[in-house]
Amino acid sequence: MLKIENLHAEIDGKQILNGLTLSVGAGEVHAIMGPNGAGKSTLGYVLGGRPGYEVTQGSVSFEGQDLLDMAANERAAAGLFLGFQYPVEIPGVSNVQFLRTALNSQRRARGEAEISAGDFLRLSKAEGEALGMSMDMLKRNVNVGFSGGEKKRNEMVQMGVIDPKLAVLDETDSGLDIDALRVVGDGINRIMRQPHKAVLLITHYQRLLDIVAPDFVHVLADGRIVRSGGPELALQLEREGYGAIAA
Amino acid sequence: MTDIRNREAQEAADRASTYEWGFSSDIEQDFAPKGLNEDTVRFISAKKNEPEWMLEWRLKAYRAWLTMEEVSWAKLDIPAIDFQDAYYYAEPRAKPKLGSLDEVDPEILRVYEKLGIPIEEQKVLAGVEGARRVAVDAVFDSVSVATTFRKELEAAGVIFRSISEAIREYPDLVRQYLGSVVPQRDNYFACLNSAVFSDGTFVYIPEGVRCPMELSTYFRINAENTGQFERTLIVADKGSYVSYLEGCTAPMRDENQLHAAVVELVALDDAEIKYSTVQNWYPGDAEGKGGIYNFVTKRAICAGARSKVSWTQVETGSAITWKYPSCILKGEGSVGEFYSVAVTNNRQQADTGTKMIHIGKNSRSTIVSKGISAGKSNNTYRGLVRVNAGAENVRNFTQCDSLLLGDQCGAHTVPYIEVKNPSAQIEHEATTSKISDDQMFYAQQRGLNAEDAVALIVNGFAKEVLQQLPMEFAVEAQKLLGISLEGSVG
Ligand SMILES: Nc1ncnc2c1ncn2[C@@H]1O[C@H](COP(=O)(O)OP(=O)(O)OP(=O)(O)O)[C@@H](O)[C@H]1O
Ligand SMILES: [Mg+2]
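Protein chains in written order, with the numbering used here: chain A, 3 to 249; chain B, 16 to 505.
FYI, nobody ran anything at the bench for these hints, they're computed from the structure. All C-beta atoms in this analysis are idealised placements derived from N, C-alpha and C, irrespective of residue type, glycine included. Hints may be right or wrong, so weigh each one.
Here are some chain B residues pointing at chain A (derived, C-beta under 8 Å) [to be verified]:
#1 Asn52
#2 Tyr431
#3 Asp452
#4 Tyr457
#5 Gln459
#6 Gln460
#7 Arg461
#8 Gly462
#9 Leu463
#10 Asn464
#11 Asp467
#12 Leu471
#13 Ile472
#14 Phe476
#15 Lys478
Computed cross-link-like contacts, DSS-like style, restricted to lysine-lysine with a CA-CA straight-line distance of at most 27 Å [said to hold, decoys possible]:
#16 B:Lys478 / B:Lys494
#17 A:Lys127 / A:Lys199
#18 A:Lys127 / A:Lys167
#19 B:Lys478 / A:Lys141
#20 A:Lys153 / A:Lys199
#21 A:Lys167 / A:Lys199
#22 B:Lys391 / B:Lys304
#23 B:Lys478 / A:Lys153
#24 B:Lys478 / B:Lys391
#25 A:Lys153 / B:Lys449
#26 B:Lys391 / B:Lys49
#27 B:Lys449 / B:Lys478
#28 A:Lys141 / B:Lys494
#29 A:Lys16 / B:Lys449
#30 B:Lys289 / B:Lys376
#31 A:Lys5 / A:Lys199
#32 B:Lys289 / B:Lys494
#33 A:Lys127 / B:Lys391
#34 B:Lys494 / B:Lys391
#35 B:Lys449 / A:Lys141
#36 B:Lys391 / B:Lys449
Given only the sequences and the hints, what does the whole structure look like? Please build it.
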């Protein structure tokens with residue numbers, strides 16, 4: 003589904019990704035762990051097509067298409083969703099308005115009919131309920147005044163409504179309380195654990211992986227994958243830290 | 016990455032280069048001879064079958080205008096205007112008085128359609144049964160061509176007429192109030208308007224009457240080289256209420272066109288006037304060539320106790336805008352409000368704001384101004400809050416927010432506060448912000464293209480003002496904000 007090869011990328015002239023290679027198949031969940039500043043969020047931004055991030059070498063294909071040749075919104079329409087480490091506030095724009103505009107933009111780009119107001123309301127209400135977000139919250143402005151945990155849950159509501167093929171979730175677990183972690187973890191499984199979908203799960207902690215069991219675990223350090231393994235690698239990291247492994 | 020950005024920028028710029036509503040329709044004009052002198056003034060007055068007092072009033076204004084100088088203090092770069100190189104009067108081919116809308120020139124109806132006049136109003140124009148009642152006094156170029164719902168308004172005692180008709184049919188009312196809020200010599204352009212105004216609207220709401228429908232007028236500048244001098248006068252008698260909508264777009268032309276309207280509002284005891292404007296005149300091309308010059312004088316007097324006037328404006332068009340809808344708060348406990356969104360892109364210049372003149376005790380005013388600048392444009396809020404010595408317990412709240420797109424545009428906030436009574440409570444807040452890269456990427460990652468992302472964020476920024484608009488205007492205004500910022504992001 004996703005094939006990243008020898009990816010080099012820089013921001014403001016500073017090289018962050020350094021020959022990163024990673025392959026993700028349909029139906030798989032890959033956890034990506036690594037020390038602060040290793041380039042995990044950068045990987046998400048580069049995959050998402052954030053302006054300013056320049057790819058200097060390497061390639062990325064997504065379902066056979068050259069991902070790097072597509073604009074950010076085209077990537078979204080093709081099924082790529084990025085759960086932000088720091089979700090962004092948009093004053094004056096309600097969550098429902100934002101989400102409906104987003105969903106319909108994607109649908110139009112794919113040549114599909116727009117969703118009706120009624121269907122959208124039902125869909126967003128159902129996703130909100132599943133993730134503990136009331137309609138009142140959804141009517142508030144995008145992430146404005148939301149707590150850290152509420153912002154992360156809001157990301158998952160968006161993911162549920164948008165229903166992507168590939169989700170890159172950047173520390174979606176950080177800032178969540180114990181109960182919310184469970185709700186969000188269950189949400190990821192429900193929405194994304196499907197044979198035709200895949201997840202790149204960026205996290206620092208095993209506790210999320212206890213709920214969303216990864217098929218593969220990778221260690222990203224200095225802008226490349228330095229080690230890959232199964233779920234046991236995450237447990238080993240939790241015991242021993244990065245020092246022993248990345249060295 | 017960079018390639019994608021450049022491509023987006025290029026495409027956006029290409030789209031922006033074609034003004035969506037830049038067409039011109041083909042209606043034959045009856046012109047006054049080119050140029051401006053006493054004969055022009057007499058020509059206009061004669062065309063309108065005006066009484067002698069009106070001609071005298073015009074001539075007095077014309078003579079005063081000759082002695083005045085153009086305004087120079089606004090933060091605008093105004094090219095010299097050759098007032099002799101313009102026509103001051105144009106009307107569609109003379110037609111017999113219209114009994115119904117079916118008789119309206121189909122060309123004009125087609126123009127309305129192109130303008131995207133809200134469906135409800137189109138239904139009204141098409142005469143559909145049960146259409147929501149919005150009375151449309153259609154001003155096409157300078158002459159009213161159709162007035163609907165006149166009967167129902169008349170039953171309520173509401174007078175809704177073109178100003179020319181009103182001058183003939185209600186001379187006493189017009190004479191009493193015309194120029195009472197904006198004196199002839201108020202400023203250069205208002206004085207010019209007083210001499211040569213060719214049409215406009217007169218509204219009178221009698222005591223205790225709530226106007227049974229929203230009153231709506233569509234302006235359109237259509238003739239090459241024709242200055243447009245609209246005159247609007249609205250009088251709300253004691254305890255009455257009226258909501259008036261004004262909206263406009265203009266076809267593409269190469270010559271700059273001058274628009275110098277005067278709007279006067281009078282609210283007596285306990286009366287309320289809500290005046291909403293969506294202004295989308297042609298702003299000129301990316302280099303600023305060919306746009307409308309919009310020098311409008313809009314002023315209200317809250318003459319009566321507890322009277323209220325609310326100005327809401329969405330200004331997206333014109334090459335140069337110079338406009339300060341103001342309130343003279345004379346009545347005790349009277350209320351003035353000003354809600355404004357002004358968008359400038361490319362080389363547009365806007366100098367807009369309000370004046371709240373507090374004379375009456377316990378009078379209150381609220382000012383919310385949202386300026387959005389993009390391209391190489393300049394956007395200035397200029398506002399005056401004055402509290403006279405005798406005005407006890409005045410309150411004013413002012414909020415001015417500026418949003419910048421790119422780093423070649425300018426946003427300026429120029430508040431003047433003159434307080435001569437110590438009991439006044441004046442609050443002023445101002446912010447300047449940019450659309451952040453984070454917001455843009457967030458929206459684009461969720462599927463919006465760059466233009467839609469800007470439109471969404473800008474509409475959010477302007478929401479406080481947009482929600483003051485009547486529903487059908489709010490939708491149109493939201494679209495306009497997006498359209499007018501096309502090409503501003505890469
Ligand atoms: N504009 C920039 N200019 C220079 N360096 C930058 C810029 N933006 C990010 N970086 C650097 O890139 C590196 C990778 O950052 P990134 O956010 O990808 O790390 P991360 O692995 O997600 O870390 P964390 O676990 O703390 O979230 C960091 O050292 C960061 O300081
Ligand atoms: Mg990070």
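Hint by hint, here is what the structure shows:
1. Asn52: Status violated, d = 51 Å.
2. Tyr431: violated, 28 Å
3. Asp452: holds, 7 Å
4. Tyr457: holds, 4 Å
5. Gln459: Since the shortest Cβ distance to chain A is 4 Å, the answer is holds.
6. Gln460: holds, 5 Å
7. Arg461: holds, 4 Å
8. Gly462: holds, 4 Å
9. Leu463: Constraint on leucine 463 of chain B satisfied, holds at 5 Å.
10. Asn464: Constraint on asparagine 464 of chain B satisfied, holds at 5 Å.
11. Asp467: holds, 6 Å
12. Leu471: holds, 6 Å
13. Ile472: holds, 6 Å
14. Phe476: holds, 6 Å
15. Lys478: OK, holds: lysine 478 of chain B within 8 Å of chain A, min 4 Å.
16. B:Lys478 / B:Lys494: The hint holds at about 13 Å.
17. A:Lys127 / A:Lys199: Given pair lysine 127 of chain A, lysine 199 of chain A holds - Cα atoms ~23 Å apart, limit 27 Å.
18. A:Lys127 / A:Lys167: Status holds; Cα separation ~21 Å.
19. B:Lys478 / A:Lys141: holds, 14 Å
20. A:Lys153 / A:Lys199: Holds. Lysine 153 of chain A to lysine 199 of chain A sits at ~24 Å (cutoff 27 Å).
21. A:Lys167 / A:Lys199: Since the Cα atoms of lysine 167 of chain A and lysine 199 of chain A sit roughly 5 Å apart, the hinted pair holds (cutoff 27 Å).
22. B:Lys391 / B:Lys304: holds, 14 Å
23. B:Lys478 / A:Lys153: Holds, at roughly 22 Å.
24. B:Lys478 / B:Lys391: Holds, at about 24 Å.
25. A:Lys153 / B:Lys449: The given pair, whose Cα atoms are some 22 Å apart, holds under the 27 Å limit.
26. B:Lys391 / B:Lys49: violated, 34 Å
27. B:Lys449 / B:Lys478: holds, 16 Å
28. A:Lys141 / B:Lys494: Since the Cα atoms of lysine 141 of chain A and lysine 494 of chain B sit roughly 21 Å apart, the hinted pair holds (cutoff 27 Å).
29. A:Lys16 / B:Lys449: holds, 25 Å
30. B:Lys289 / B:Lys376: holds, 22 Å
31. A:Lys5 / A:Lys199: holds, 14 Å
32. B:Lys289 / B:Lys494: holds, 22 Å
33. A:Lys127 / B:Lys391: Violated: lysine 127 of chain A and lysine 391 of chain B sit about 43 Å apart, past 27 Å.
34. B:Lys494 / B:Lys391: Since the Cα atoms of lysine 494 of chain B and lysine 391 of chain B sit roughly 22 Å apart, the hinted pair holds (cutoff 27 Å).
35. B:Lys449 / A:Lys141: Status holds; Cα separation ~24 Å.
36. B:Lys391 / B:Lys449: holds, 15 Å
Violation of the numbered hints given earlier is confined to hints 1, 2, 26 and 33; the remaining hints are satisfied by the structure.
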